[in-house]
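Required output: the full structure, derived from the provided sequences and hints.
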Amino acid sequence: MTLLEVRGSPPPRQWRKQPFIVNPWVRWGLYLGALVYLVLAIGSLEFNWARIIAGMDRGAAFIAGFLKPDFTSRWQDIYEGFLESLTMTVVATVIGVLLSIPVALGAARNLAPLPVYLVCRGIIAVSRAFQEIIIAIVFVAMFGFGPLAGVATLAFSSIGFLAKLLAEDIEDIDRQQVEAIQATGASWLQILNYAIQPQVAARFIGLSLYRLDINFRESAVIGIVGAGGIGATLNTAIARYEYDSAAAVLLCIIAVVLLVEYSSGFLRRRLL
Amino acid sequence: MLTIEQLTKRYSTGDLALDSVDLQVTKGQVIALIGPSGAGKSTLIRCVNRLVEPTHGRIWLNNEQITGLRSRSLRRMRCRIGMIFQEYALVERLTVMENVLSGRLGYIGFWRSFFRRFPETDIERAFDLLERVGIEDMVDKRADALSGGQRQRVGIARALIQNPEILLIDEPTASLDPKTSRQIMQLIVDLCRESGLAAIINIHDVQLAMMFVERVIGLRQGRVVYDGSPAQLNAARLTEIYGEADWTGTAREEQDEQRDLPTSAEVIVPLIELPETGVGRQRVVGS
Amino acid sequence: MPVTVTGGQRCWQRRDRAAQLRIWLVWLVGTALFMAAWSFISAQTIWMFVWDSPAQAYDLASRMVNPRWDYFERILWPLWDTINIATLGTLLGVIIAIPIAFLAAHNTTPSRALIRPLALLIIVSSRSINSLIWALLLVLIMGPGILAGIIAIALRSIGFIGKLLYEAIEEVSNEPVEAIEATGASRMQVLSYGIWPQVLPTVAGISVYRWDINIREATVLGLVGAGGIGIQLQASINNLAWNQVTVIFLAILATVFVSEWISARVRHALI
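Chains as they are written, first to last, in our numbering: chain A, 1 to 272; chain B, 1 to 287; chain C, 1 to 271.
It cannot be assumed that every hint is accurate.
What the hints assert, rightly or not - As a list, the in silico DSS-like pairs of lysine-lysine whose alpha-carbon atoms are at most 27 angstroms apart:
#	chain 1	residue 1	chain 2	residue 2
1	A	K17	B	K141
2	B	K179	B	K141
3	A	K17	C	K163
Unchecked claim - Restraint-style ranges between C-beta atoms, simulated for each label pair:
#	chain 1	residue 1	chain 2	residue 2	range
4	B	F115	A	A180	36 to 46 angstroms
5	A	K17	C	A113	16 to 26 angstroms
6	B	A236	A	A202	39 to 49 angstroms
7	A	L114	C	L200	19 to 29 angstroms
8	A	W75	C	E171	18 to 28 angstroms
9	C	M64	A	R16	51 to 61 angstroms
10	C	D59	B	R93	55 to 65 angstroms
11	C	I115	A	D174	38 to 48 angstroms
12	C	L200	A	L259	26 to 36 angstroms
13	C	Q20	B	V225	57 to 67 angstroms
14	A	W75	C	L21	25 to 35 angstroms
15	C	A264	B	W60	55 to 65 angstroms
16	A	L98	C	A254	24 to 34 angstroms
Claimed, not checked - Stretch by stretch, here's where chain C covers chain A in the computed footprint (C-beta under 8 angstroms, at least three residues):
#	segment
17	63-72
18	83-92
19	107-116
20	135-149
I should point out that these hints are in silico values taken from the structure, not numbers from a laboratory.
Ideal Cβ placement from N, Cα and C applies to all residues, glycine included.
Structure follows, in structure tokens:
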């Protein structure tokens with residue numbers, strides 16, 4: 001048989017790309033389900049075209065504000081807002097990191113007994129389920145307006161984030177190293193210090209720096225519900241229709257986010 | 001049919017990979033390109049279809065100049081040049097059939113290829129080729145479910161479905177075990193012979209090369225230092241290509257096999273008969 | 001040297017002097033920074049309210065423990081809106097993010113000098129601004145409603161998906177791409193045969209992950225008028241109807257757990 005040989009006249013062979021979901025019933029069912037959902041979801045949208053068209057002027061005014069941001073007239077507010085945001089970020093990250101370590105130890109199934117495990121996982125789940133804004137509302141109700149509510153919010157959210165990832169790391173450690181230290185007759189704290197900490201510390205530092213980054217971004221919004229920071233400044237500027245000042249705040253946020261991200265990335269590379 | 005003239009490639013790092021290489025390949029000729037790592041073997045064949053842009057020099061395929069072609073005509077030229085890769089270079093998440101049919105991409109438009117609507121003749125041809133290389137049962141398997149030898153067969157089918165005039169083959173056996181390597185080399189050489197295809201095979205296994213090809217090019221530091229038949233490739237010449245090493249070790253094996261040639265210890269005789277007795281010559285397909 | 005010899009006695013220390021000093025310095029600067037930041041926060045805080053907070057918390061809790069279950073019916077529709085905001089917003093975000101990611105990845109961008117920086121700028125601005133801020137602006141321009149919420153979610157998702165996706169595109173294995181190029185395929189064909197199959201699982205994984213995040217984000221968009229359950233939350237808080245807030249919290253918690261479960265299952269299936 002050669003390649004160029006003309007074959008007799010076999011029936012032409014067909015090929016079609018196999019669909020991702022092989023069972024046609026499941027496949028068409030899913031397509032139909034998705035279509036029905038989209039129709040229903042888009043159908044429940046309400047378009048108020050008159051309002052949207054009326055808003056175009058404001059949109060244009062806002063874009064104009066972006067092209068000519070006004071840093072000067074509200075500079076004092078912007079400066080104080082950023083100072084507050086940055087201090088909140090630092091304090092909240094430190095507290096969050098310190099508190100997340102015991103929670104993570106409790107939430108690692110290979111270290112903690114079941115009751116402790118369940119309690120710690122519960123803390124993590126609640127902290128992760130609620131958006132920062134919702135947590136901020138509760139803390140503002142408790143502590144009153146001001147940056148302390150913001151610190152509490154960010155610290156609480158950091159605990160869920162960091163403890164979950166650290167606990168997963170601890171559950172993934174190399175058992176042999178722990179056994180080796182156990183075999184020397186070390187106490188529980190000594191095992192922690194000699195067998196577990198060396199395996200997870202580097203990544204945890206990296207995660208903490210990453211969380212610093214996230215906390216700054218979040219600190220820019222929780223001000224909207226009164227928990228301090230640059231968000232309050234932004235909210236005021238928008239409420240007063242001062243688009244050029246609002247644009248200035250937004251541009252500053254982008255700049256600071258970039259700066260924080262770069263420096264935390266730089267630190268991560270240097271430390272790890 | 002393929003003519004390379006004064007081909008020079010200097011990478012932006014300053015490394016001179018090829019230094020005025022001249023080469024002529026005639027129709028149906030299967031050539032092995034040997035040489036140490038970094039001698040410029042890969043660069044040379046990648047210059048032919050311009051996956052690597054040459055710094056100087058000219059290349060013709062059948063009197064048509066490849067160097068200097070612009071985007072569309074370069075793509076049309078690439079359709080005529082098949083390429084087979086060391087690590088198979090299959091798209092792992094596509095099926096065997098899609099991988100083979102991707103060899104026809106240069107011949108059909110974007111939207112047809114996007115919806116996988118290939119002409120019937122292409123599909124027919126793909127089935128023939130899959131049968132020929134012996135993996136006709138694997139049509140709808142995903143490429144990452146295949147073994148190394150099977151993957152390389154898909155790679156060969158993809159290159160052949162292009163209807164190429166010449167094959168460029170980059171270390172086809174480097175990732176395979178010795179037995180599969182021989183089968184794959186045999187398959188490539190057979191296929192070339194059947195369709196009168198020329199081929200340039202980069203290969204670092206000198207013995208394997210000598211078993212299958214009619215002409216060997218030795219490359220060292222970007223220069224051609226040997227061009228001749230495998231039979232004349234002796235230890236001195238290997239030293240010239242690869243540098244100082246105990247080449248007689250390779251030769252002694254040959255001596256054992258060829259006891260009636262006691263004085264030619266330095267000469268490596270291609271083991272023509274080995275494929276006959278070994279697995280290589282057996283048809284790898286059940287046709 | 002960690003090992004020093006003093007009077008014939010070998011002495012081992014964990015770190016040499018310079019390294020030890022550096023570590024002390026880092027701790028010193030860190031602690032000083034923290035203390036300075038803390039004193040700033042402390043100065044801004046009215047401590048009387050804070051000392052009062054246990055009583056406040058107790059008060060809050062006692063109002064919350066008695067949930068008004070019949071309120072649940074009233075939040076079903078907003079809950080549906082919330083899920084729609086997240087889903088349609090994610091969908092819109094994915095559709096816009098994919099081409100932007102291809103324009104931003106250095107191996108697929110048509111122009112490194114012009115288009116790539118532009119695409120990266122879009123990604124950065126989208127990422128830096130929280131969806132709540134986008135919603136704040138959009139409500140101002142388009143009026144309150146779900147549409148503003150969907151677009152806000154989409155605008156924030158573009159940066160998130162775009163960044164992860166363009167990094168994935170830059171990391172695809174180059175051999176298959178080279179092989180497709182060698183067949184004489186056009187640029188678009190190389191994208192669709194060589195690169196797209198390699199990043200498809202990533203696209204799906206990132207999208208589902210972002211959808212999960214967006215469900216959480218969508219629960220608060222109502223606070224600025226962009227639709228969803230946040231509107232009810234805002235109203236209940238303003239009326240100090242904390243027993244309704246409990247019901248809303250539980251509904252959010254349930255939705256978030258379900259979405260996280262779905263997201264985890266889908267991502268697990270993709271690997």
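Hints, one by one, checked against the model:
{"no.": "1", "hint": "A:K17 to B:K141", "result": "holds, 11 angstroms"}
{"no.": "2", "hint": "B:K179 to B:K141", "result": "holds, 24 angstroms"}
{"no.": "3", "hint": "A:K17 to C:K163", "result": "violated, 31 angstroms"}
{"no.": "4", "hint": "B:F115 to A:A180: 36 to 46 angstroms", "result": "violated, 59 angstroms"}
{"no.": "5", "hint": "A:K17 to C:A113: 16 to 26 angstroms", "result": "violated, 38 angstroms"}
{"no.": "6", "hint": "B:A236 to A:A202: 39 to 49 angstroms", "result": "violated, 55 angstroms"}
{"no.": "7", "hint": "A:L114 to C:L200: 19 to 29 angstroms", "result": "violated, 40 angstroms"}
{"no.": "8", "hint": "A:W75 to C:E171: 18 to 28 angstroms", "result": "violated, 43 angstroms"}
{"no.": "9", "hint": "C:M64 to A:R16: 51 to 61 angstroms", "result": "holds, 58 angstroms"}
{"no.": "10", "hint": "C:D59 to B:R93: 55 to 65 angstroms", "result": "holds, 58 angstroms"}
{"no.": "11", "hint": "C:I115 to A:D174: 38 to 48 angstroms", "result": "holds, 46 angstroms"}
{"no.": "12", "hint": "C:L200 to A:L259: 26 to 36 angstroms", "result": "holds, 35 angstroms"}
{"no.": "13", "hint": "C:Q20 to B:V225: 57 to 67 angstroms", "result": "holds, 59 angstroms"}
{"no.": "14", "hint": "A:W75 to C:L21: 25 to 35 angstroms", "result": "violated, 40 angstroms"}
{"no.": "15", "hint": "C:A264 to B:W60: 55 to 65 angstroms", "result": "holds, 58 angstroms"}
{"no.": "16", "hint": "A:L98 to C:A254: 24 to 34 angstroms", "result": "holds, 31 angstroms"}
{"no.": "17", "hint": "63-72", "result": "violated (count 0)"}
{"no.": "18", "hint": "83-92", "result": "holds (count 7)"}
{"no.": "19", "hint": "107-116", "result": "violated (count 0)"}
{"no.": "20", "hint": "135-149", "result": "holds (count 9)"}
Consistency with the previously given hints fails for numbers 3, 4, 5, 6, 7, 8, 14, 17, 19, ordered from lowest to highest.
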